[in-house]
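**Student:** Listed below, chain by chain, are the residues.
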Amino acid sequence: MQLTIDIVNDYMIVKLRGELDHHTSEYARKKIDQRYYSNNSANIVLDLRELNFMDSAGIGLIMGRYKNCIDRNGKVSIVSTSPYINRMLKMSGIQKLVDIYQTIEEAIKG
Amino acid sequence: MVRKNNDKNYMRIEFLSKSSNESFARVVVAAFASQLDPTIEELSDIKTAVSEAVTNAIIHGYEYKEGIVVVEATLENNRIDIVVEDFGKGIEDINKAMEPFYTSKPDLERSGMGFTVMETFMDELEVESEVNKGTRVRMSKTFKSLSNKE
Numbered sequence: 001m002q003l004t005i006d007i008v009n010d011y012m013i014v015k016l017r018g019e020l021d022h023h024t025s026e027y028a029r030k031k032i033d034q035r036y037y038s039n040n041s042a043n044i045v046l047d048l049r050e051l052n053f054m055d056s057a058g059i060g061l062i063m064g065r066y067k068n069c070i071d072r073n074g075k076v077s078i079v080s081t082s083p084y085i086n087r088m089l090k091m092s093g094i095q096k097l098v099d100i101y102q103t104i105e106e107a108i109k110g
Numbered sequence: 001m002v003r004k005n006n007d008k009n010y011m012r013i014e015f016l017s018k019s020s021n022e023s024f025a026r027v028v029v030a031a032f033a034s035q036l037d038p039t040i041e042e043l044s045d046i047k048t049a050v051s052e053a054v055t056n057a058i059i060h061g062y063e064y065k066e067g068i069v070v071v072e073a074t075l076e077n078n079r080i081d082i083v084v085e086d087f088g089k090g091i092e093d094i095n096k097a098m099e100p101f102y103t104s105k106p107d108l109e110r111s112g113m114g115f116t117v118m119e120t121f122m123d124e125l126e127v128e129s130e131v132n133k134g135t136r137v138r139m140s141k142t143f144k145s146l147s148n149k150e
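In order, the protein sequence lines correspond to chains A and B. Heads up, the first sequence is in this note's numbering, so the first residue is 1 and it goes up one at a time. Heads up, the second sequence is in this note's numbering, so the first residue is 1 and it goes up one at a time.
Hints in this document: simulated from the structure, not taken from any laboratory. Take these hints with a grain of salt, some might be off.
[To be verified] Some chain A residues near chain B, calculated using beta-carbon distances under 10 angstroms:
#: 1; residue: D21
#: 2; residue: H22
#: 3; residue: F53
#: 4; residue: S56
#: 5; residue: G60
#: 6; residue: I94
[As the list claims (entries may be wrong)] Pairs of lysine-lysine residues, derived as DSS-like cross-links and limited to a Cα-Cα distance of at most 25 angstroms, are as follows:
#: 7; chain 1: B; residue 1: K65; chain 2: A; residue 2: K90
#: 8; chain 1: B; residue 1: K105; chain 2: A; residue 2: K31
#: 9; chain 1: A; residue 1: K30; chain 2: B; residue 2: K96
#: 10; chain 1: A; residue 1: K90; chain 2: B; residue 2: K96
#: 11; chain 1: B; residue 1: K105; chain 2: A; residue 2: K67
#: 12; chain 1: A; residue 1: K31; chain 2: B; residue 2: K18
Source: prediction; values computed, not measured. Built from N, CA and C at the ideal position, the CB exists for glycine as well.
If we strip away everything but chain A, and leave its shape as in the complex, we get (with noise of 0.2 angstroms):
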């Protein structure tokens, strides 16, 4: 799993790549948290586009920054384009407390 984060005025843009389950997701629990407290932007967004996988784990890490950024009054907004990931995402129902974009820019335009 690699991850790697972007600030773009109010939005962190955090993209994951590799594999996202119980293991890796504890890792990307603790950078996303530690660089999203260390400044000020409200906003999430979690680019899913180069995961190759995500089991619920994933599901329980997009739910952990939604309530964290609901804390702050920012939001958090998801950009995946693999049928595979949006399954997941969908079968999950957390499409109705997440937006979900096919890129970043729409993303940030929101």
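With the hints as your guide, set chain B onto chain A.
**Tutor:** Leaving out everything else, chain B in the frame of chain A:
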């Protein structure tokens, strides 16, 4: 062991209940299942279901303590049967554990979706558990890709 039936194949692995073994387990089962030439989507379903079952064994069965997780898989015709077993604390109330979004460990940011994922991605799911003895999850899937080729 000699098996007369050439259409049947079987494998068994056991490993320590470390979270780094979650990917090991799902990749092994997927590699074994690929003998039946499933679609990428069918393989993804199996990998995800195995990942959920093994994660449950590590987090809930052993609660991060050291233990052994056993994964078995049987291929027969166009069907795979998978068993994931731990010898940990067991589940007190299986029906409760299987409810969508229920988690006994909300502090770990678990989504409570593990059994729902297994039920959705596999054709059959059976859970047997005994408190302080362990949990055995059995799941199966028939590969439609193969039946379509006939």
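**Student:** For every hint, state whether the structure bears it out.
**Tutor:** Here is what the structure says about each hint:
no. : hint           : result
1   : D21            : holds, 5 angstroms
2   : H22            : holds, 4 angstroms
3   : F53            : holds, 7 angstroms
4   : S56            : holds, 4 angstroms
5   : G60            : holds, 4 angstroms
6   : I94            : holds, 9 angstroms
7   : B:K65 - A:K90  : violated, 33 angstroms
8   : B:K105 - A:K31 : holds, 21 angstroms
9   : A:K30 - B:K96  : violated, 30 angstroms
10  : A:K90 - B:K96  : holds, 23 angstroms
11  : B:K105 - A:K67 : holds, 17 angstroms
12  : A:K31 - B:K18  : holds, 21 angstroms
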